[in-house]
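Protein sequences appear in the order of chains A and B. If you want our numbering, it's the position in the first sequence, counting the first as 1, plus 23. If you want our numbering, it's the position in the second sequence, counting the first as 1, plus 23.
Be a bit skeptical, because a hint or two may be false.
As the list claims (entries may be wrong) - Every beta carbon over 12 Å from chain B, so not counted as near; a handful from chain A, in silico:
#1 LEU96
#2 ALA99
#3 THR106
#4 ASN114
#5 ALA143
#6 GLN144
#7 GLY145
#8 ALA202
Unchecked claim - Quick list of the computed label-pair ranges, beta carbon to beta carbon:
#9 A/GLY162 to B/ALA143: 54 to 62 Å
#10 B/GLN72 to A/ALA132: 36 to 44 Å
#11 A/GLU175 to B/ARG191: 46 to 54 Å
#12 B/PRO67 to A/ASN80: 20 to 28 Å
#13 B/ARG182 to A/ASP150: 45 to 53 Å
It is worth saying that the hints were derived from the structure and are not from the lab. Each residue gets a CB set at the ideal place from its N, CA and C atoms; glycine is no exception.
Protein chains: 2
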Amino acid sequence: MASGSLDFYYEFASPYSYLAACRIASLAELADVRVNWKPFLLGPIFAAQGYTSSPFNVYPLKGAHMWRDLDRLASAQRLPPITRPATFPANGLLAARVAIHLNDACRPAFTRALFSAEFAQGRDISDRETVRQVLAGLGHFWDEVIADAESEVNKARLRAQTEEAQARGVFGAPTFFTADGELFWGNDRLEMALEHARRLARAA
Amino acid sequence: MASGSLDFYYEFASPYSYLAACRIASLAELADVRVNWKPFLLGPIFAAQGYTSSPFNVYPLKGAHMWRDLDRLASAQRLPPITRPATFPANGLLAARVAIHLNDACRPAFTRALFSAEFAQGRDISDRETVRQVLAGLGHFWDEVIADAESEVNKARLRAQTEEAQARGVFGAPTFFTADGELFWGNDRLEMALEHARRLARAA
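Sequences and hints are given; from them, build the entire structure.
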């Protein structure tokens, strides 16, 4: 029986992407689904929809509920309590460049560690020192990784992945796509997306 | 052991309120939680947030995803396929007035039947004939019920319930409150809200 596959588009400023990143690997393994970790930037996509900031800032009641909801979900997932970073949404440009530069084997661990620095420790991920320390903690030569991540070639890769997300109809994060192009929006739809991926693989 | 309780605020134009209305009674019974069915109007609450229409119309990509998401969720809940009413969001004023006028024993069945006319049959719930037929199907004297629902006293009840929702921080539908005032937004949070209500009742 063939394994399923799932594209996982995430943005480093997005707390629901954090929750999804922390649970997708184990859930996908149980479903026999391979995950393609795809960092992208939500900024240009939000801007195209007419947002001037995160919807959670534009609609304050929704934002207040989001932080409470995150507390409850983090607790249910047995994650450390959420610590709000000073700036929300954070600028995740450097983090996304590093994540897309790392190879498929290293990207998930970096992604989880960076998200954890942001939402469990409340650190500023736009600060190069934060990114350096996360890379160091994972055993990477941080200065080389960051230099490569900021090469023109790699910058173009992130732009292309963001354009690809937009072209596929992504409007928020996290977003999942199964092999048949079906779009699932939000951490709450991860189980349904995996189930659909599994069914497709079985039928193949 | 005391039973738990849960306030269930719903709006007749809201398809996620429909999904919640169709499953809340059985889930609440399993959790030994009593549900207070509270119809209200989202229009004034959206207007206060600066929306000019449903967010699902304001953000078309989000709207397109919503209809696809509803198809998948309706199928998972073993409900008939979603049929989009011609106008979205529908004007649910008359339906909400009737629902709040009916007593606690009759409100859930009317709510489910009205929602079903709207989202399973695609009927126009702002049409008095639709409301009449739903009432007739449930064995009510429809003309009397509608006349009472449109009395000044009952209109004021709906206004008061909408103001109450707004004062409690409701910003979308469905919204659930447990006895300790904790707010849970969205059909996706129904299980979590019921679990919290059950835990509160146990601890009491």
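> What hint numbers does the structure not satisfy?
Replying inline: Failing hints, ascending: 1, 2.
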